[in-house]
Amino acid sequence: MQYKYYIIVISALVALINIGLKAKISEKSYFQEVTCFDYPTMCTDTQYCLILNETKKIECVENRNININVKQVSSYTQDEQVYYQYQVEIKNNAYQGIKELQVYAPDGKLNLRDHDSSWNFDRFPNGDIAVPPHDRNELLQESYQFGFIVSKEINSLKIKSILY
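Taking the UniProt record's numbering, the leading residue of the sequence shown gets 1, the next gets one more, and so forth.
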């Protein structure tokens, strides 16, 4: 008789855990459907993750409309550490404005000199760049410039995701 009770209790616990896991998976699947953040390597080097605002669907597309020009404008040594200042221009040749653009450095994170060493962009928790900054209500329609000072040279920046 006691075994039946234990079996019923264990079965109920398994059912509750299963329901909780299904809800968590369902919640996670929705989150992944509307953001590329969970899949930073889902697209190839020549692609970016496109997020369509109306449908919240994502897909990998070839980059044909967005150009990123990274230019080192200076370097200097301070306290035996070399710092590099970069100016970045993003040109949007697409037919519509961009609400948010996520950019990353393929050779690693941007090691900013300090918290005052960047301008005209925000950062995602993983160190990626967000332009235009979240506090502005503007679209990237033609070109956008931002800059930063880092402790390590960078070779390029690449687009990770775009929200139209």
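If you are wondering where the hints come from, they were derived from the structure by calculation, not from laboratory data. Some hints here could point you the wrong way.
Unchecked claim - Pair ranges (Cβ atoms, derived):
no., residue 1, residue 2, range
1, 122, 74, 20 to 26 Å
2, 123, 69, 17 to 23 Å
3, 57, 119, 16 to 22 Å
4, 76, 44, 32 to 38 Å
5, 130, 95, 31 to 37 Å
6, 46, 76, 21 to 27 Å
Yeah, the Cβ is synthetic: ideal placement off N, Cα and C, and Gly gets one too.
- Query: Broken hints, numbered, in rising order?
  - Reply: The structure breaks hints 3, 5, 6; every other hint is satisfied.
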